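Asker: Each chain, letter by letter, is given below.
Protein chains: 4
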Amino acid sequence: MKIIAVTGARSEFDLLSTLYDKMYEDDFFDFSIVVTGAHLSDTFGKTVKNIETKGYRIADRIYNLVDTSEKIGRVISLGNQISSFAQTFDREQPDLIIVAGDREEAISVSMTAAYMDIPVAHFFGGDIAKDGNIDNSTRYAASKYSHLHFVTLEQHKETLMKLGEEEDRIYVVGNPAIDNIVSTPTMSRKILSKNIGFDIENEDYLVLIKHPIITETKDQRRQMEVILDSIIESNIKCLINYPNSDAGNREIIDVIDEYTAKSESLFVFKNLDRLNYVNLLRNATSLIGNSSSGLLEAPSLGLPAINIGSRQRGRIHGNNVLFIDHEKAEIKDAINKVRSDKKFLELVKNSDSPYGNGKTTEKVVKIFKEVKLDDNLIYKNITY
Amino acid sequence: MKIIAVTGARSEFDLLSTLYDKMYEDDFFDFSIVVTGAHLSDTFGKTVKNIETKGYRIADRIYNLVDTSEKIGRVISLGNQISSFAQTFDREQPDLIIVAGDREEAISVSMTAAYMDIPVAHFFGGDIAKDGNIDNSTRYAASKYSHLHFVTLEQHKETLMKLGEEEDRIYVVGNPAIDNIVSTPTMSRKILSKNIGFDIENEDYLVLIKHPIITETKDQRRQMEVILDSIIESNIKCLINYPNSDAGNREIIDVIDEYTAKSESLFVFKNLDRLNYVNLLRNATSLIGNSSSGLLEAPSLGLPAINIGSRQRGRIHGNNVLFIDHEKAEIKDAINKVRSDKKFLELVKNSDSPYGNGKTTEKVVKIFKEVKLDDNLIYKNITY
Amino acid sequence: MKIIAVTGARSEFDLLSTLYDKMYEDDFFDFSIVVTGAHLSDTFGKTVKNIETKGYRIADRIYNLVDTSEKIGRVISLGNQISSFAQTFDREQPDLIIVAGDREEAISVSMTAAYMDIPVAHFFGGDIAKDGNIDNSTRYAASKYSHLHFVTLEQHKETLMKLGEEEDRIYVVGNPAIDNIVSTPTMSRKILSKNIGFDIENEDYLVLIKHPIITETKDQRRQMEVILDSIIESNIKCLINYPNSDAGNREIIDVIDEYTAKSESLFVFKNLDRLNYVNLLRNATSLIGNSSSGLLEAPSLGLPAINIGSRQRGRIHGNNVLFIDHEKAEIKDAINKVRSDKKFLELVKNSDSPYGNGKTTEKVVKIFKEVKLDDNLIYKNITY
Amino acid sequence: MKIIAVTGARSEFDLLSTLYDKMYEDDFFDFSIVVTGAHLSDTFGKTVKNIETKGYRIADRIYNLVDTSEKIGRVISLGNQISSFAQTFDREQPDLIIVAGDREEAISVSMTAAYMDIPVAHFFGGDIAKDGNIDNSTRYAASKYSHLHFVTLEQHKETLMKLGEEEDRIYVVGNPAIDNIVSTPTMSRKILSKNIGFDIENEDYLVLIKHPIITETKDQRRQMEVILDSIIESNIKCLINYPNSDAGNREIIDVIDEYTAKSESLFVFKNLDRLNYVNLLRNATSLIGNSSSGLLEAPSLGLPAINIGSRQRGRIHGNNVLFIDHEKAEIKDAINKVRSDKKFLELVKNSDSPYGNGKTTEKVVKIFKEVKLDDNLIYKNITY
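Protein chains in written order, with numbering that gives the first Met the number 0: chain A, 0 to 383; chain B, 0 to 383; chain C, 0 to 383; chain D, 0 to 383.
These aren't lab readings, by the way, just hints derived from the structure by calculation.
Source: prediction; values computed, not measured.
C-beta: ideal position from N, C-alpha, C; glycine also.
Among the hints, a few may not be true.
To be verified - Keeping only pairs whose Cα atoms sit at most 30 Å apart, straight-line, the calculated DSSO-like set for lysine-lysine is:
| no. | chain 1 | residue 1 | chain 2 | residue 2 |
| --- | --- | --- | --- | --- |
| 1 | A | Lys217 | B | Lys371 |
| 2 | C | Lys70 | B | Lys269 |
| 3 | D | Lys21 | D | Lys1 |
| 4 | C | Lys193 | C | Lys48 |
| 5 | A | Lys70 | D | Lys70 |
| 6 | C | Lys48 | B | Lys217 |
| 7 | C | Lys70 | B | Lys48 |
| 8 | C | Lys1 | A | Lys45 |
| 9 | B | Lys193 | B | Lys261 |
| 10 | A | Lys193 | D | Lys217 |
| 11 | B | Lys261 | C | Lys269 |
| 12 | D | Lys269 | D | Lys48 |
| 13 | B | Lys48 | D | Lys1 |
| 14 | A | Lys156 | B | Lys156 |
Said to hold, decoys possible - Derived DEER-like restraints, expressed as beta-carbon distance ranges:
| no. | chain 1 | residue 1 | chain 2 | residue 2 | range |
| --- | --- | --- | --- | --- | --- |
| 15 | C | Glu326 | D | Asp167 | 28 to 34 Å |
| 16 | C | Met186 | D | Asp167 | 50 to 56 Å |
| 17 | C | Glu157 | D | Lys261 | 55 to 61 Å |
| 18 | C | Asn270 | B | Asp167 | 55 to 61 Å |
| 19 | C | Glu157 | D | Gly196 | 57 to 63 Å |
| 20 | C | Val267 | B | Val364 | 49 to 55 Å |
| 21 | B | Gly54 | C | Glu157 | 52 to 58 Å |
Bound-form chain A, shown alone (with noise of 0.2 Å):
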């Protein structure tokens, strides 16, 4: 069974690497992978090199990512993909194409196999951001391209369903993230501390990522600076991970770069390796910012999450998820709450995690290799 996957951005691949990893060794596949977008950005840190390490078929570089933060960027760089992917379509003849999620990617190649009547396997549909605005558009018209969906939750499944998908096209599987947390080799604080080189051996700190909000543009620099200053005045120690690439992430990066320039307490990691990550994570107070992070990865790791601002609101979230706003009074508060709020913190360490039993991965190849490859797959009927 041929299966090219298309990846655009690292976290969506660290998201399904599990499951590649399992394809790439099983005999049953003929995987190979198509890396685009982001991944192939030098703003973007040029993340293809830890795709390359896993030694999977490189089936296509494909170099499309504009360089501009204008919102035109977007769906330039999207446009510029799909005579791309239809080349490599075309010459590859895969069985199956996998994609994920609600950028870009998502519906260039979803689209452009319909197009060409190759059936795909699209993961994250039925999902809704709330203000996600134009990634919920695609996200929902990824899945009219789709031939079959792989969702976390039931109730991504019931979205589909409105939608009008055919119910046999639909499989509520976990989130494959846990599978990659659950299993990932436990690491010391003293080794970790040397490995990113800054010293958390004995001390507090809190994990900090903030992606732009693209309907709030222009407030993108108040916001960080609202958060970091929180940070400093609770004299607690910081690691920042830099924004993903939607319009107003310059405006974060350039606050980051000043204030890690003048305060010793806090500390930008790029482009760490996910052993290094997911670890840095177990060992950590709390996340903070509005990384979907906090919601899908911390509660298995039984790790605090203070999620600022309107981005992920109204998802579903297990207990380990303080939601609060852009205001210094808030954020001081949460950041107390989670270093010594015992009762809270016990309620994080004993709840399950809504997102899945770290099974996603198994269940996944078992539906793949019982599919049937045929003309009913391809023709898709509306169920209204």
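On the provided structure of chain A, position chains B, C and D as indicated by the hints.
Answerer: Coordinates of chains B, C and D only, in the frame set by chain A:
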């Protein structure tokens, strides 16, 4: 109010041209048009000429159609448009963009505009074409990227609401093509015969339009031969229009060319203007083939339509349509019925069209004038 | 040695296919081909089929040709190719890329490869087509981006040296098409008549190929009509090939279709295979029109060529070519001469071809085997 | 006379902006500009802002630059532009298009226009950059597609004539940048210090601009370190500008960031406006690095230039340039010389610039007004 309409094919342009004319004449609107796709193709008759005579400002001509009938062609052509549309929209900064239907432009335009936070009004959403497959996917994906929906039937509105579209973005306005038809001046058979260069002054004739069925590309030759054989054996003149640009159209064109070369009762008309075309329908015995014209336009002219094969099946239709298969006996029977079954012909003449009463343009213009162009228009909520 | 040849049109592929066959058979080379342009176009007969039968690995099929005869079409088609070629070359990492001639692929391929520091071997540089204008510009621009030059004539080498190209990058090898022709098996007129479906067993016939003259697009209809009228009045059968894809070709095609519909002595052959084509030439009374075939290939077959109009004027040619204008009297005189002027026919038969002796392939293969693939090949000096 | 200039980078825009200003003010011309490439890139400082303040009509903004420093990036970016330029030129139908230099836009613009039969005026043809390789290829290829050539030096004219360009298409006009410099208002060191935020009121300083050498990408870090170490050891302040976007620029930027973080005598200025920049040069002790500014602009300001490494070697230059290697001893000697060698400084002050006298704009405008816009301009003859 600065409005740009994007048109990629004659069929869709003809449906909306009455609306475009109205906006062009009305000083409230700064109206212009972007011409692309089949309009600029030699193979499809360079129908941009018809648009140029309208006098609209042509904001850009976008040459994107790849010269192939392979499946890969449609999506490469689609991809070619995106950076071009982005360039145009970025320069023009329109208040609203209009696009229609379920072809490539529907998705490429709505997606481009949505990523650039420019409102899109989409026409003909919520419809379901049986066996439409990729066109259905595209129509729904386009709806997910659009901010205003102008639909033909109440049933289409219900479908869009199931898709999670907010009710106050959806307007049921009927089919604008009916406005067009109702207001087209009448022409005598004599003049008509002269104009088209084929004598139909005193004789019955059919109008045949058969588009390819992309899920049955291999059967197009046979299907077309059966139809033409049946017509010849029925001893009735027939005027034939070329098919659209879907995969399989070459086979149909080849058959048309072969048959018209040897039979004097068959006649091909290419790119006939609207005035002559509507009057051809007005005077015809019946439409035959699988054009949507039989369902949408024919009833308001009291014209029977013989719809052969799977295309158009399952769509809402009036009493004028006979659905049959590609079988010679069925086709000849149907031709006989439209020529001589008085009861049937009476019924056709006296039935209302389910697709509207000729007031669509008026309604749409009123809505455009009242719509609020603010952030609420751009930021869509999902209703579940 | 990993070699990729890029081919965009049948004319250029046919010239080099003997070389490609040789490399494909020789284990020294890892040979593959990229197919693009007119080869994948429906309008130009999908000649990719001829390439597929060769068995070469097809590294990519690149659909780029925009469906228009407007001037803008050629350069958009050219632009469409570049990111596709870059994708292919980046994946394949060839040691050398081959491209030929003066059409769009010549510049798009050589430019893409040169920017990626991959060596390019360009065939047929240094030539000058009178009135070629854009094609001359392209041929020379392609030479500036190429690292090895394989030219037909000593005079072409001199031209490239004037352009600042280093002498040791330039090889005079003759025209590879002559190898092809000389080695084509012989076929009887009887079988030939059967194969093409037109009786030439016992009769004189001309082979007519008229390509558009892009500086005289408005005159193409008249030119073609004069030629066909003259042929009909000369009472000689004529086999006609369709023109290439330059602007103006529609007009020529239209005239061909009109004349062949009414005259039984005219016959169109489309996309004839090489074997039949060469034998058609072998048995013809004369080539007529403005194809380069008359100068390049005809002399090695002892075949007269009547070259009408400005195309090909001023190029090196043998004694077999008659240069005349689009005047009926001149054309009829020339037809008379090639049918009955014994002295002239004797001269044609006994003259050498200025374009080579059939050993080109052998020479090129030897040079490829000896060329040093190092940085010196990439870094060009300008010789003034 | 409708003229469109295309600009892709600040360096080239600054050279021609005096000409553009003149045409914009002159009612004879309908002047507009197309902005693309590095101007629209975040990485290169969105210099489109400087163009917007000019007030020119911006006919289109074309976002094409792919976010990568891999070699493949330049040619993909180039390819992305072509259909966009075609769209613009087709809509605008200019009488003449202006493009300059040897970067991607030079070839993409001239090629697009030439295929569309629109005349192109190319500036700075005929030059040869030692080790320029791909840039030399591009400059000459652009000349082959251009119809008018405006060159700086008599020697460049001779080169173009060797390339087969017709003499009456070539105009030696000097370098327009000299016009710009000569006419820039004078500014005091005090105000200058305030404007740039770095105190140079009473102190010697160098201006350092080092661009990457694309044939030595691996050596960029070492080269930049040697230069900065030498400057620090020479105890002289230094103002540094970021390099251009060639491959290797990341390494240089990294070194700049590291050194300026630790040394107070180094200062980075990004995207300084022309007024401040020219006055920085006027008051500097010397230019240092490898910018063409040292050869082209510095002599008309009586400014010494220390040119380090292979870039610019072999180009015509005045007495103000010292050519040295990336050796600390040589660099320190040169810095010493430009600070204290009175005889050398006297010579620099009193020498003429080989690049013109500040009358270029006037000459070019006159030629544009006199040029005949007819078919002879489009149809080029090759002079051999």
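Asker: Looking back at the hints listed earlier, which ones does the structure fail to meet?
Answerer: none
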